Amino acid sequence: MRIESKNGGEAMERVGIVGAGTMGRGIAYVAITHGAQVTLYDVAPGALESAAAQIEAWLREAMGKGRLDEAEAQRARERLRLSTALEDFAQAEVIIEAAPEDLALKQEIFRQLDRACPPDAILASNTSSLSITALGAVTRRPERVGGMHFFNPAPVMRLVEIVRGLATSEETLRALSDLARRWGKTPVLVKDTPGFIVNRVARPFYLEALRLVGESVADPPTVDRLVRALGFRMGPFELMDLIGLDVNLAVSESLYRAFFEEPRFRPHPLQRQMVQAGRLGRKTGRGWYEYP
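To convert, count from 1 in the sequence shown and add 1; that's the working numbering.
Note that these hints are calculated values from the structure, not bench results.
Since the model is a prediction, treat every value here as computed from it, not as a measurement.
We put the CB at the ideal spot given by N, CA and C, even for glycine.
There may be inaccurate statements among the hints.
The following label-pair restraints were derived from C-beta to C-beta distances [as the list claims (entries may be wrong)]: (1) Thr285 - Ala58: 14 to 24 Å; (2) Gly65 - Ala105: 39 to 49 Å; (3) Gln92 - Asp179: 16 to 26 Å; (4) Arg78 - Pro101: 22 to 32 Å; (5) Val157 - Pro101: 20 to 30 Å; (6) Ala105 - Gln274: 17 to 27 Å.
Between the sequences and the hints, there should be enough to build the whole structure, so can you do that?
Here is the structure:
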(Lines of atoms letter the chains of each structure in order from A and count residues from 1; the text may use other names and numbers.)
(Lines give C-alpha, C1' and ligand atoms only; values in the text may rest on other atoms or scores of the structure.)
Protein backbone atom coordinates (compact mmCIF):
# COMPACT_ATOMS: atom_id res chain seq x y z
CA MET A 1 0.00 0.00 0.00
CA ARG A 2 2.96 2.32 -0.47
CA ILE A 3 4.16 3.86 -3.73
CA GLU A 4 6.85 6.40 -4.46
CA SER A 5 5.82 9.83 -5.68
CA LYS A 6 6.81 10.72 -9.25
CA ASN A 7 9.52 13.08 -8.12
CA GLY A 8 11.13 10.42 -5.96
CA GLY A 9 9.99 12.08 -2.74
CA GLU A 10 7.91 10.74 0.11
CA ALA A 11 5.85 7.59 -0.37
CA MET A 12 2.12 8.07 -0.74
CA GLU A 13 -1.02 5.96 -0.79
CA ARG A 14 -3.57 5.91 -3.60
CA VAL A 15 -6.90 6.06 -1.81
CA GLY A 16 -10.48 6.00 -3.01
CA ILE A 17 -13.30 7.28 -0.81
CA VAL A 18 -16.96 6.52 -1.54
CA GLY A 19 -19.31 9.17 -0.20
CA ALA A 20 -18.66 12.90 0.08
CA GLY A 21 -20.87 13.43 3.14
CA THR A 22 -19.68 14.46 6.57
CA MET A 23 -17.50 11.40 7.17
CA GLY A 24 -16.24 10.96 3.62
CA ARG A 25 -15.01 14.53 3.29
CA GLY A 26 -13.47 14.38 6.76
CA ILE A 27 -11.53 11.23 5.92
CA ALA A 28 -10.47 12.78 2.60
CA TYR A 29 -9.08 15.83 4.43
CA VAL A 30 -7.14 13.63 6.85
CA ALA A 31 -5.71 11.61 3.95
CA ILE A 32 -4.60 14.50 1.73
CA THR A 33 -2.95 16.34 4.64
CA HIS A 34 -0.92 13.20 5.39
CA GLY A 35 0.40 12.62 1.88
CA ALA A 36 -2.22 10.37 0.27
CA GLN A 37 -3.49 10.76 -3.29
CA VAL A 38 -7.29 10.74 -2.89
CA THR A 39 -10.16 10.20 -5.29
CA LEU A 40 -13.41 11.29 -3.62
CA TYR A 41 -16.48 9.75 -5.27
CA ASP A 42 -20.16 10.67 -5.04
CA VAL A 43 -23.09 10.92 -7.44
CA ALA A 44 -25.48 12.99 -5.32
CA PRO A 45 -26.07 16.44 -6.85
CA GLY A 46 -23.86 19.05 -5.23
CA ALA A 47 -22.16 16.60 -2.86
CA LEU A 48 -18.67 16.90 -4.33
CA GLU A 49 -18.86 20.70 -4.59
CA SER A 50 -19.98 20.94 -0.98
CA ALA A 51 -17.19 18.58 0.12
CA ALA A 52 -14.55 20.56 -1.78
CA ALA A 53 -15.72 23.80 -0.14
CA GLN A 54 -15.59 22.21 3.33
CA ILE A 55 -12.13 20.77 2.73
CA GLU A 56 -10.91 24.17 1.55
CA ALA A 57 -12.34 25.74 4.71
CA TRP A 58 -10.49 23.19 6.85
CA LEU A 59 -7.24 23.89 4.99
CA ARG A 60 -7.62 27.62 5.54
CA GLU A 61 -8.42 27.07 9.20
CA ALA A 62 -5.30 24.90 9.56
CA MET A 63 -3.19 27.63 7.93
CA GLY A 64 -4.71 30.25 10.19
CA LYS A 65 -3.74 28.19 13.23
CA GLY A 66 -0.22 27.52 11.95
CA ARG A 67 -0.70 23.78 11.46
CA LEU A 68 -0.08 24.06 7.69
CA ASP A 69 1.80 26.60 5.61
CA GLU A 70 0.63 27.75 2.17
CA ALA A 71 2.89 25.30 0.31
CA GLU A 72 1.67 22.35 2.36
CA ALA A 73 -1.95 23.35 1.85
CA GLN A 74 -1.42 23.68 -1.90
CA ARG A 75 0.16 20.22 -2.09
CA ALA A 76 -2.82 18.83 -0.17
CA ARG A 77 -5.24 20.45 -2.65
CA GLU A 78 -3.35 18.89 -5.55
CA ARG A 79 -3.71 15.43 -4.01
CA LEU A 80 -7.54 15.58 -4.14
CA ARG A 81 -9.51 14.44 -7.17
CA LEU A 82 -13.31 14.57 -7.37
CA SER A 83 -15.12 11.87 -9.32
CA THR A 84 -18.54 10.54 -10.29
CA ALA A 85 -17.16 7.33 -11.87
CA LEU A 86 -16.03 4.26 -9.92
CA GLU A 87 -13.71 3.48 -12.82
CA ASP A 88 -11.47 6.23 -11.41
CA PHE A 89 -10.56 3.79 -8.62
CA ALA A 90 -8.75 1.55 -11.11
CA GLN A 91 -5.35 2.39 -9.56
CA ALA A 92 -6.47 2.63 -5.93
CA GLU A 93 -4.68 0.60 -3.27
CA VAL A 94 -7.36 1.04 -0.61
CA ILE A 95 -10.96 2.20 -0.90
CA ILE A 96 -12.89 3.46 2.12
CA GLU A 97 -16.68 3.37 1.82
CA ALA A 98 -18.47 6.10 3.80
CA ALA A 99 -22.05 5.77 2.55
CA PRO A 100 -25.19 5.97 4.76
CA GLU A 101 -25.83 3.20 7.29
CA ASP A 102 -27.90 0.91 5.08
CA LEU A 103 -26.69 -2.68 4.65
CA ALA A 104 -28.30 -3.26 1.25
CA LEU A 105 -26.84 -0.01 -0.09
CA LYS A 106 -23.37 -0.80 1.23
CA GLN A 107 -23.46 -4.33 -0.14
CA GLU A 108 -24.32 -3.03 -3.60
CA ILE A 109 -21.44 -0.54 -3.36
CA PHE A 110 -19.07 -3.35 -2.40
CA ARG A 111 -20.22 -5.45 -5.35
CA GLN A 112 -19.47 -2.54 -7.67
CA LEU A 113 -16.12 -1.82 -6.01
CA ASP A 114 -15.15 -5.47 -6.31
CA ARG A 115 -15.64 -5.23 -10.08
CA ALA A 116 -14.09 -1.78 -10.55
CA CYS A 117 -11.02 -1.96 -8.30
CA PRO A 118 -7.74 -3.87 -8.68
CA PRO A 119 -7.99 -7.44 -7.31
CA ASP A 120 -5.32 -6.74 -4.68
CA ALA A 121 -6.95 -3.51 -3.42
CA ILE A 122 -8.29 -3.43 0.13
CA LEU A 123 -11.96 -2.54 0.51
CA ALA A 124 -12.75 -0.92 3.87
CA SER A 125 -16.00 0.33 5.35
CA ASN A 126 -16.46 3.26 7.69
CA THR A 127 -19.69 1.67 8.98
CA SER A 128 -20.34 2.34 12.65
CA SER A 129 -22.57 -0.66 13.30
CA LEU A 130 -23.06 -2.98 10.29
CA SER A 131 -21.43 -6.35 9.69
CA ILE A 132 -18.06 -6.34 7.92
CA THR A 133 -18.54 -10.06 7.34
CA ALA A 134 -21.77 -9.37 5.43
CA LEU A 135 -20.01 -6.74 3.30
CA GLY A 136 -17.07 -8.99 2.51
CA ALA A 137 -19.35 -11.90 1.60
CA VAL A 138 -20.69 -10.14 -1.52
CA THR A 139 -17.15 -9.75 -2.94
CA ARG A 140 -14.62 -12.14 -4.43
CA ARG A 141 -12.02 -10.91 -1.90
CA PRO A 142 -13.54 -11.21 1.61
CA GLU A 143 -10.03 -11.61 3.05
CA ARG A 144 -9.24 -8.08 1.79
CA VAL A 145 -12.36 -6.49 3.31
CA GLY A 146 -12.20 -4.85 6.75
CA GLY A 147 -13.66 -2.07 8.83
CA MET A 148 -12.00 1.32 9.25
CA HIS A 149 -14.42 3.20 11.49
CA PHE A 150 -13.49 6.87 11.95
CA PHE A 151 -15.33 9.10 14.40
CA ASN A 152 -16.94 12.47 13.79
CA PRO A 153 -15.33 14.92 13.22
CA ALA A 154 -12.73 12.79 11.44
CA PRO A 155 -10.09 15.56 11.22
CA VAL A 156 -10.14 15.89 15.03
CA MET A 157 -10.97 12.51 16.56
CA ARG A 158 -7.91 10.27 16.83
CA LEU A 159 -9.57 6.89 17.41
CA VAL A 160 -10.18 4.50 14.50
CA GLU A 161 -11.77 1.10 15.06
CA ILE A 162 -10.16 -1.51 12.78
CA VAL A 163 -12.77 -4.24 12.38
CA ARG A 164 -11.97 -7.90 11.70
CA GLY A 165 -14.65 -9.65 9.64
CA LEU A 166 -14.91 -13.44 9.71
CA ALA A 167 -12.68 -13.74 6.62
CA THR A 168 -10.47 -10.65 7.06
CA SER A 169 -6.79 -11.55 6.78
CA GLU A 170 -4.06 -10.51 9.21
CA GLU A 171 -2.34 -8.75 6.32
CA THR A 172 -5.41 -6.59 5.71
CA LEU A 173 -5.72 -5.71 9.40
CA ARG A 174 -2.05 -4.73 9.58
CA ALA A 175 -2.32 -2.62 6.43
CA LEU A 176 -5.37 -0.71 7.72
CA SER A 177 -3.81 -0.21 11.16
CA ASP A 178 -0.56 1.05 9.63
CA LEU A 179 -2.51 3.39 7.37
CA ALA A 180 -4.39 4.84 10.34
CA ARG A 181 -1.12 5.45 12.18
CA ARG A 182 0.44 7.19 9.18
CA TRP A 183 -2.60 9.47 9.15
CA GLY A 184 -2.02 10.42 12.78
CA LYS A 185 -4.76 8.20 14.19
CA THR A 186 -4.86 5.60 16.96
CA PRO A 187 -6.12 2.26 15.59
CA VAL A 188 -7.83 -0.25 17.89
CA LEU A 189 -8.53 -3.77 16.64
CA VAL A 190 -12.11 -4.94 17.32
CA LYS A 191 -14.23 -7.95 16.44
CA ASP A 192 -17.11 -7.82 13.99
CA THR A 193 -19.93 -7.45 16.50
CA PRO A 194 -22.92 -5.07 16.20
CA GLY A 195 -21.81 -1.53 17.05
CA PHE A 196 -18.26 -2.78 17.63
CA ILE A 197 -17.10 -1.20 20.93
CA VAL A 198 -17.72 2.54 20.95
CA ASN A 199 -21.21 2.60 19.48
CA ARG A 200 -22.33 -0.28 21.64
CA VAL A 201 -21.13 1.51 24.77
CA ALA A 202 -22.68 4.76 23.53
CA ARG A 203 -26.24 3.42 23.16
CA PRO A 204 -27.12 3.78 26.88
CA PHE A 205 -25.53 7.26 26.85
CA TYR A 206 -28.04 8.41 24.22
CA LEU A 207 -31.03 6.25 25.09
CA GLU A 208 -31.15 7.03 28.81
CA ALA A 209 -30.84 10.73 28.02
CA LEU A 210 -33.74 10.41 25.57
CA ARG A 211 -35.82 8.59 28.19
CA LEU A 212 -35.17 11.37 30.71
CA VAL A 213 -36.47 13.95 28.23
CA GLY A 214 -39.33 11.72 27.08
CA GLU A 215 -40.46 11.29 30.68
CA SER A 216 -40.18 15.06 31.30
CA VAL A 217 -37.56 14.54 33.99
CA ALA A 218 -35.28 17.12 32.37
CA ASP A 219 -34.85 19.04 29.12
CA PRO A 220 -31.90 18.58 26.70
CA PRO A 221 -29.91 21.63 27.90
CA THR A 222 -30.13 20.45 31.51
CA VAL A 223 -28.98 16.93 30.65
CA ASP A 224 -26.11 18.25 28.54
CA ARG A 225 -25.03 20.74 31.19
CA LEU A 226 -24.94 18.07 33.92
CA VAL A 227 -23.05 15.60 31.72
CA ARG A 228 -20.45 18.26 30.87
CA ALA A 229 -20.12 18.94 34.59
CA LEU A 230 -18.96 15.32 34.95
CA GLY A 231 -16.06 16.02 32.59
CA PHE A 232 -17.52 15.10 29.19
CA ARG A 233 -16.71 17.58 26.42
CA MET A 234 -20.27 17.35 25.04
CA GLY A 235 -23.61 16.19 26.34
CA PRO A 236 -25.65 13.50 24.55
CA PHE A 237 -27.98 15.94 22.79
CA GLU A 238 -25.12 18.16 21.63
CA LEU A 239 -23.37 15.06 20.33
CA MET A 240 -26.47 13.83 18.50
CA ASP A 241 -26.73 17.23 16.79
CA LEU A 242 -23.08 17.05 15.75
CA ILE A 243 -23.29 13.50 14.38
CA GLY A 244 -26.73 13.94 12.82
CA LEU A 245 -29.98 12.62 14.27
CA ASP A 246 -30.60 10.55 11.14
CA VAL A 247 -27.25 8.82 11.56
CA ASN A 248 -27.85 8.31 15.28
CA LEU A 249 -31.27 6.77 14.60
CA ALA A 250 -29.89 4.50 11.87
CA VAL A 251 -27.20 3.16 14.21
CA SER A 252 -29.74 2.68 17.03
CA GLU A 253 -32.08 0.76 14.73
CA SER A 254 -29.22 -1.32 13.35
CA LEU A 255 -28.05 -2.43 16.80
CA TYR A 256 -31.63 -3.13 17.90
CA ARG A 257 -32.18 -5.46 14.93
CA ALA A 258 -28.72 -7.04 15.18
CA PHE A 259 -29.32 -8.03 18.80
CA PHE A 260 -32.69 -9.59 17.92
CA GLU A 261 -34.66 -6.68 19.40
CA GLU A 262 -32.97 -6.76 22.76
CA PRO A 263 -35.03 -4.23 24.83
CA ARG A 264 -31.99 -2.36 26.17
CA PHE A 265 -31.11 -1.30 22.61
CA ARG A 266 -34.64 -0.22 21.60
CA PRO A 267 -34.61 3.24 19.90
CA HIS A 268 -36.69 6.00 21.45
CA PRO A 269 -39.72 7.47 19.61
CA LEU A 270 -38.25 10.97 20.03
CA GLN A 271 -35.40 10.01 17.69
CA ARG A 272 -37.76 9.07 14.88
CA GLN A 273 -39.97 12.11 15.49
CA MET A 274 -37.02 14.49 15.14
CA VAL A 275 -35.87 12.78 11.93
CA GLN A 276 -39.38 12.89 10.49
CA ALA A 277 -39.48 16.61 11.24
CA GLY A 278 -36.21 17.12 9.36
CA ARG A 279 -34.45 18.33 12.51
CA LEU A 280 -31.21 16.48 11.94
CA GLY A 281 -28.84 18.70 13.89
CA ARG A 282 -26.08 21.02 12.75
CA LYS A 283 -26.25 19.96 9.11
CA THR A 284 -29.85 21.19 8.78
CA GLY A 285 -29.52 24.15 11.15
CA ARG A 286 -31.84 22.67 13.73
CA GLY A 287 -31.90 19.60 15.95
CA TRP A 288 -32.19 19.64 19.69
CA TYR A 289 -30.72 23.13 19.36
CA GLU A 290 -30.85 25.80 16.65
CA TYR A 291 -27.78 26.74 14.59
CA PRO A 292 -28.07 30.10 12.79
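Violated hints - listed by number, lowest first = Per hint list: zero violations.
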